[in-house]
Amino acid sequence: MFARWQPFFDRQAEMNRLHQEMNRLFGRFDPAWNVRPGSIESFPAFNLWEEDDRLCAEAELPGMDVSDLEIYVNGGNQLSIRGERKQTQCDSGTWHRQERGHGKFARLLDLPVEVDPEKVEASFQQGVLTLKMPKREEAKPRRIQVKSA
Amino acid sequence: MSSIVKQPSHTDGAAVERTQGGVVFQPRIDIVETADELTLCGDLPGVTSENLDIKFENRELVIQAKIDPAPDGRKLLVREYEVGDYYRVFTIGEEIDTDKISAELHDGVLVLHLPKNEAAKPKRIEVKTG
Numbered sequence: 001m002f003a004r005w006q007p008f009f010d011r012q013a014e015m016n017r018l019h020q021e022m023n024r025l026f027g028r029f030d031p032a033w034n035v036r037p038g039s040i041e042s043f044p045a046f047n048l049w050e051e052d053d054r055l056c057a058e059a060e061l062p063g064m065d066v067s068d069l070e071i072y073v074n075g076g077n078q079l080s081i082r083g084e085r086k087q088t089q090c091d092s093g094t095w096h097r098q099e100r101g102h103g104k105f106a107r108l109l110d111l112p113v114e115v116d117p118e119k120v121e122a123s124f125q126q127g128v129l130t131l132k133m134p135k136r137e138e139a140k141p142r143r144i145q146v147k148s149a
Numbered sequence: 150m151s152s153i154v155k156q157p158s159h160t161d162g163a164a165v166e167r168t169q170g171g172v173v174f175q176p177r178i179d180i181v182e183t184a185d186e187l188t189l190c191g192d193l194p195g196v197t198s199e200n201l202d203i204k205f206e207n208r209e210l211v212i213q214a215k216i217d218p219a220p221d222g223r224k225l226l227v228r229e230y231e232v233g234d235y236y237r238v239f240t241i242g243e244e245i246d247t248d249k250i251s252a253e254l255h256d257g258v259l260v261l262h263l264p265k266n267e268a269a270k271p272k273r274i275e276v277k278t279g
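Protein chains in written order, with my numbering: chain A, 1 to 149; chain B, 150 to 279.
Incorrect hints may appear among the rest.
[Claimed, not checked] Computed footprint of chain A on chain B, listed as stretches where at least three residues anywhere in the stretch have a Cβ under 8 Å from a Cβ of chain A:
1. 174-181
2. 185-192
3. 223-229
4. 256-266
[What the hints assert, rightly or not] Taking lysine-lysine pairs in the BS3-like style, the calculated list, with each CA pair at most 30 Å apart, reads:
5. A:Lys104 to A:Lys119
6. A:Lys86 to B:Lys265
7. B:Lys265 to B:Lys204
8. B:Lys224 to A:Lys140
9. B:Lys215 to B:Lys249
10. B:Lys204 to B:Lys270
11. A:Lys132 to B:Lys215
12. A:Lys86 to B:Lys215
13. B:Lys272 to B:Lys249
14. A:Lys119 to B:Lys224
15. B:Lys270 to B:Lys249
16. A:Lys132 to B:Lys224
17. A:Lys86 to B:Lys249
18. B:Lys204 to B:Lys215
19. A:Lys104 to A:Lys86
20. B:Lys204 to A:Lys86
Worth flagging that the hints you see were computed from the coordinates, not collected in a lab. This one's a predicted model, so the numbers in the text were calculated from it and none came from an experiment. C-beta atoms are modelled at their ideal positions from N, C-alpha and C, and glycine is treated no differently.
All chains should be modelled from the sequences, with the hints used to inform the complete structure.
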């Protein structure tokens with residue numbers, strides 16, 4: 001008789017655990033970051049780091065013409081980059097090997113910190129795009145003074 | 150970690166022995182052949198001409214580049230690609246005039262011109278009508 005009876009609280013615990021798992025799966029990870037390298041959604045790959053007063057991002061875009069590149073910062077916390085990498089001109093030759101990609105790309109990324117779109121600076125050197133995005137005043141860390149009694 | 154512009158170096162015939170640690174990548178390279186030359190275009194983002202070393206020895210063309218490592222103490226939030234040195238080797242056939250090999254580096258793209266020997270250029274045969 002006792003073997004068949006399922007206590008009520010066991011089933012509830014099981015449902016809670018499942019509920020938490022689903023939350024974790026859909027809430028925690030932003031699919032825009034850390035996508036599979038080499039996949040269509042992941043060009044260009046970004047490295048993002050944080051300094052006290054700004055967010056910096058770097059992406060490798062060798063051979064890009066800057067006029068083919070569009071960078072937007074929307075609302076302080078979204079970075080949008082799109083452009084087209086043109087194939088090197090080669091009309092009369094035969095291709096022996098083609099490893100470099102070309103074509104249109106577009107990526108929309110959520111920034112972990114609010115930045116000020118008016119103050120974003122972008123530079124492009126040796127094929128590396130560097131973005132310096134100063135944080136909004138409210139997002140900067142403020143040191144809390146500890147008063148000793 | 151493979152990516153659009155470079156791929157990790159494999160330890161096949163061109164094994165890379167390094168005396169210091171660090172990641173090495175094989176830059177992706179396009180090769181096009183025209184009547185006069187072979188053109189190699191490679192993606193080498195972040196490389197300046199001082200750090201680029203191209204050698205031709207024993208019919209092997211060695212492309213090597215160093216990247217300045219990122220300063221320590223950076224608080225990385227997202228890392229989708231790794232940065233490392235570049236290394237790639239090509240064996241060049243006899244049809245190349247090795248004295249006239251030239252290279253340009255612009256916006257992270259290396260363009261290597263390998264002109265062909267006179268003997269290897271295609272010659273058009275004139276057809277005489279009579």
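Right, here's what the structure says about each hint:
| no. | hint | in the structure |
| --- | --- | --- |
| 1 | 174-181 | holds (count 5) |
| 2 | 185-192 | holds (count 5) |
| 3 | 223-229 | holds (count 7) |
| 4 | 256-266 | holds (count 3) |
| 5 | A:Lys104 to A:Lys119 | holds (27 Å) |
| 6 | A:Lys86 to B:Lys265 | holds (27 Å) |
| 7 | B:Lys265 to B:Lys204 | holds (18 Å) |
| 8 | B:Lys224 to A:Lys140 | holds (15 Å) |
| 9 | B:Lys215 to B:Lys249 | holds (25 Å) |
| 10 | B:Lys204 to B:Lys270 | holds (24 Å) |
| 11 | A:Lys132 to B:Lys215 | holds (24 Å) |
| 12 | A:Lys86 to B:Lys215 | holds (26 Å) |
| 13 | B:Lys272 to B:Lys249 | holds (20 Å) |
| 14 | A:Lys119 to B:Lys224 | holds (21 Å) |
| 15 | B:Lys270 to B:Lys249 | holds (15 Å) |
| 16 | A:Lys132 to B:Lys224 | holds (14 Å) |
| 17 | A:Lys86 to B:Lys249 | holds (28 Å) |
| 18 | B:Lys204 to B:Lys215 | holds (14 Å) |
| 19 | A:Lys104 to A:Lys86 | holds (8 Å) |
| 20 | B:Lys204 to A:Lys86 | holds (29 Å) |
No hint from the list above goes unmet by this structure.
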